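**Q** Residue strings, one per chain:
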Amino acid sequence: MSDLPVILKQVFAFTKRDALSWATYRTAAITQVISIFIGVFSWGIQASYVQRPVSEMYSSDYISFLIVGLAVGNLIMPLAQGVERQLNPWTLETIFMTGINKTAFVIGNVMWTYIFSIISFIPYLVIGTYLFNAHLNPNIVATFFAFLISAAILVGLAMISTGIRIVTKSTDPISWLINVLQNLFAGILFPVVFLDTLFFPGISTISWFLPQTWVYHLCRLSMLTNPSLTDPAVLQAFLAGTVFAVLLLPLGYWVFSWGVNRAKREGTLGWY
Amino acid sequence: MPPMPALKAEGAWLGACYIMAYAVETVGLVKRYAVAPSGTFIGLDGRPKSRSVQSFTGIFGLFKKQHGPYIEALKGVDLKIKKGEIFGILGPNGAGKTTFIKILCTLVLRDGGEVYVNGYDPSESPSDVLRNLQAVLPESRGFNWRLSGRQNLEFYALLYGLHGDDARARIGYLLDYTGLRERADDCYQKYSTGMQRRLLLCRALIRDTPIIVFDEPTAGLDPTGAVEFRDLLIDRLSRREGKTILLSTHNLQEAQGLCDRIAILDHGGVIACDTPDNIRHLVTEKRTMRVVFSGMVYGPIQDRLISALKEAPGVNSVSPTFDQEGILTALTIRLDKDADISGVLSILTDGGLSIKSVNMDEPSLEDAFMAMTGRGASNQGAGRAEGGA
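The listed protein sequences derive, respectively, from chains A and B.
Numbering-wise (our numbering), the first sequence opens with residue 1 and increments by one.
Numbering-wise (our numbering), the second sequence opens with residue 273 and increments by one.
If you are wondering where the hints come from, they were derived from the structure by calculation, not from laboratory data.
Treat the hints with care, as some may be off.
As the list claims (entries may be wrong) - Covered, in the sense of this in silico footprint (three residues per stretch, anywhere, with C-beta under 8 Å from a C-beta of chain A), are these stretches of chain B:
#1 356 to 365
#2 430 to 444
As the list claims (entries may be wrong) - With a straight-line cut-off of 35 Å between C-alpha atoms, the simulated DSBU-like cross-links for lysine-lysine are:
#3 K102(A) / K558(B)
#4 K462(B) / K16(A)
#5 K558(B) / K462(B)
#6 K352(B) / K628(B)
#7 K354(B) / K582(B)
#8 K582(B) / K352(B)
#9 K102(A) / K609(B)
#10 K609(B) / K628(B)
#11 K102(A) / K628(B)
#12 K102(A) / K347(B)
#13 K462(B) / K102(A)
Computed from a predicted model, the values in this text were never measured in an experiment.
Every residue, glycine too, gets a C-beta built ideally from N, C-alpha and C.
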């Protein structure tokens, strides 16, 4: 560890602190784990009765589609919430007085939540596979890249959300908008092409402008269809996701820096 | 990399390195706050109401530039704090103390003037500034209540890039230094106010910076804890380690006892900056000397003595005190602040008085503070919503 750059040590510091803190909330930790099981059971039971094929997009069945979607949702949502939970004036002023790198601040604050989400990802898949006969057909390389692109997209969104929240001190409209659009258009519970059937043809186009759609799509693509990254159609999807990641990461950094500087100029960094 | 020379800051080139003459130097420092920052509303209690922008029209307000009306929290502050000195910042609430400190700590950006912390500009080189200055701000604890004191310090040590044996050694030293070692593995939430304050100090010292800033260091501490804290400041941090200490406080006695020099801020400006003794005498032109002596019957000799005293240079008035039997027991002499006391004492001894005691009623720092600001140090002024700009 002595050779690690300071930024990695800082990320490690946040992760260790949050893991230690989480471990002290024993009851909360237990209920959190139980709720994962309850969640997957309830969705699994529901899905068992609503067997709708999703072969159009993933050549798979609805239960597999849903299980992966919920697992991914469970994996990514905490990313946007992680920093937000750390935003209180006592912490913010003190942490910034350490001279911490802004990226390390954001990544460090979401890292434990992300690690815990990955751990809770496993029971979703195990229960889904063995109890509800979800058929996973993953490609490890594609899954790795899908997770990488997803993490970049979501860290970008988290930084945008945090930057605005530092200025607004309250509900962040961007997060709210993202959540609303995600629930409607990102294809958590149904493939986005079904929007054309549910509403009117062409409306699913909106979905492809949402970064979260690509997070779900790439994860499902890589875990349900054993895709080859040399397949032009698959590569195109991964490149589209990469474009979102490449745009959102610097934009997120810029918005976060803007928020911090704005609060410093207004003298409101310590306000909440 | 050597500090960059300031435009107006004082210092000298030593080889390739510019050596700053002062630990902290501000030149014409200005800070303005918008009366209500965009999207923010100030409640009736003076605290900010949350900037809820659930309506989307509110989002656009966030990106608008601020165009007055403004409150000027700092109006051209010029201060020079020497290396190794204990410097106090006094002022009523709303005077600009917290804004000044937060600018040094890189938490607030200035609107005008220059600021240098060991030669580094907080706006331009915040990381370099924070390598030279750390602060103990009571309102910004930043500790996780569920973790132990040691675990909290380990977290901050990692943020500073310290880890492993180096971090353990430094933390162990600081826990000994502040007397917290025995309780280091207790949860932070079990700590008393004094222990929490000492843990704040530990955190500020992890990096071993040459400048330490304290904002109300003894507020909330019991008298014993306050005395221990002051001893720690003077004996260890200042005398033994030679650190520059910047102290913001409402406690005038504390400032008088601790500080080498103090600055009094009011309405965003420095209205006095000198040693506590000099400041005490800045506004008080008179001193009072009370001389008690073996009682004597009042007669022509004593009358001539009093007349001689009244004619002595610097003496404004002389009032005799008699006991119930009409015996002269004491004299109260009002003097100019620069009057020669030895001359007065010579007149008394030459007059044959057997002096038992001489007391000078010196003006206190509080007297000076009241006279300069028109308020007591602890009075609530029209401070900013955060509780004192």
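**Q** Take the hints in turn and mark each one as holding or not.
**A** Right, here's what the structure says about each hint:
| no. | hint | result |
| --- | --- | --- |
| 1 | 356 to 365 | violated (count 0) |
| 2 | 430 to 444 | holds (count 6) |
| 3 | K102(A) / K558(B) | violated, 57 Å |
| 4 | K462(B) / K16(A) | holds, 21 Å |
| 5 | K558(B) / K462(B) | violated, 52 Å |
| 6 | K352(B) / K628(B) | violated, 45 Å |
| 7 | K354(B) / K582(B) | violated, 43 Å |
| 8 | K582(B) / K352(B) | violated, 43 Å |
| 9 | K102(A) / K609(B) | violated, 56 Å |
| 10 | K609(B) / K628(B) | holds, 23 Å |
| 11 | K102(A) / K628(B) | violated, 69 Å |
| 12 | K102(A) / K347(B) | holds, 31 Å |
| 13 | K462(B) / K102(A) | holds, 32 Å |
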